[in-house]
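K.L.:
Residues per chain are reported as follows:
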Amino acid sequence: MPDVLMQYQAEIWQAIGETFIMVGFSILAAILVGLPVGTFLFLCRKDQLLENQLVFSSLNLLVNIIRSFPFLLLVIFLIPFTRFIIGTAFGTAAATVPLTIIAIAHYSRLVEQSLLDIPKGVLEAAVSMGASIKNIIFKFLFVEARSGLVLGLTTSTISFISYSTIMGVVGGGGIGDFAIRYGYQQFRTDLMMYMIVIMVILVQFIQFTGITIATKIDKR
Amino acid sequence: MIHLQNVSKRFGDFQAIKSVSIDIDQGEVFGIIGASGAGKSTLLRLINLLEMPDQGKVHVGGQDLTKLTSKKLRQARQSIAMIFQHYNLLGNKTVYDNVAVPLELAKISKQERQNRVLESLQFVGLAHLKDQYPAQLSGGQKQRVAIARALAIQPQVLLCDEPTSSLDPNTTAEILNVLKSINERLGVTIVVVSHEMEVIKSICRRVSVMSDGEVFDTVTIEPTGIRTIDHSAKGFVERLTKDGDSNHA
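The listed protein sequences correspond, in order, to chains L and F. Using the working numbering, you'd call the opening residue of the first sequence number 42 and step up by one each time. Using the working numbering, you'd call the opening residue of the second sequence number 300 and step up by one each time.
Hints were generated in silico from the structure; no laboratory data involved. In this text the structure is predicted, and so the values were computed from the model without any measurement. A hint or two may mislead.
Below, in silico cross-link-like pairs of lysine-lysine (DSBU-like), each with a Cα-Cα straight-line distance of 30 Å or less [what the hints assert, rightly or not]: (1) Lys161(L) / Lys257(L); (2) Lys406(F) / Lys260(L); (3) Lys370(F) / Lys180(L).
Whole structure, please, built from the sequences with the hints as guidance.
P.N.:
The structure is reproduced here in structure tokens:
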């Protein structure tokens, strides 16, 4: 291993750990909140089962607004909110707040889009069998859209990694922050390059895993 | 069995169904025929309330479906099965699991579910394909899976929306034979919507002709029986070279 990596080993491991915490929380928020929000968004659309113009428009606008923020501005904009939730606006825990919010908005949109790909007839068949909304979601929508949902989560995860790199501004740490502070600001270009390589490997691995799973579960 | 009274349905500015009344008896095979846009599919969808009528009553098996709570309506729908032109199977579930879905919805025990799924698949002659996915099947096989799925819950009524319109004549005959035996052996009331005269004539005893959202007439006929067409190369040559009446294949 190159000397420079040996020298900063502890810091690098810590940075990787921080990135995993930030991205991990984002994925968790995407699945636990983004998936239901996206499903609800889909169901509230015109001609869908829970059609509701007002709810759809409001939720749609909210998701769009969150996604239109340049992420750095969203982080700063949310500082009072973060302070309210976590007690401080600084550090890795605080950094997860804006990340989970963008994660929910990001993934919910991709969920909505995958659900739109399901042929309408499948839902019609579900209704004709007397399926409840809950059954339609779990036994029809998520079954038919499952590979799209996995691919969406893959795309989202890669975006979360990218978002996490700027969390240095609020002391969130992570690989991106390490690359800037130790590599760029201390003129250790080699160190910065190594960090980029780590990110590239990470992203390749996630993309490969996502596509492999999505292909395997797609029987259509 | 099925009693529609002065039902009407409007989509925006388009009056799809204009005050239609229809009575369908228990155990009959009833046909609805008409040109595209005549309202026949909409009429069928009013029977299980896939479309809610703007006015009128929908009685199936003695219940007024329009008056039921959503929970009761879901239960009522479990005895009104439906098949579609495009089959509407779940692509990510095997044949077996597709047929099991309505049984899961009806909360039937796993053991009983297994018996009924296999029984239904045997009825349509596809038990050997239970582990395949729909994408691996032909159109006729997919429709038979859809029929097995419809039969699994032992419905009183089977609604068929253009069940053979995506199929070739021989496969059409196959599906019609299955529908006929469901009616004869299981006593299920069948309503078939089709724009294909041959299909309607072959199995229906009473037929409503729809035009512009109204029932133009309801006639009683003697079903002609299901004709199969010789699809061998030799059969094609024979029909090409000779004048015959089976020239629509």
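K.L.:
Look at each hint and say if it fits the structure.
P.N.:
Hints, one by one, checked against the model:
As the CA atoms of Lys161(L) and Lys257(L) are separated by approximately 24 Å, the hinted pair is consistent with the 30 Å bound. Straight-line distance between C-alpha atoms of Lys406(F) and Lys260(L) comes to about 26 Å, which keeps the hinted pair within the 30 Å bound. Distance hint between Lys370(F) and Lys180(L) is fulfilled; the C-alpha atoms sit about 18 Å from each other, no more than 30 Å.
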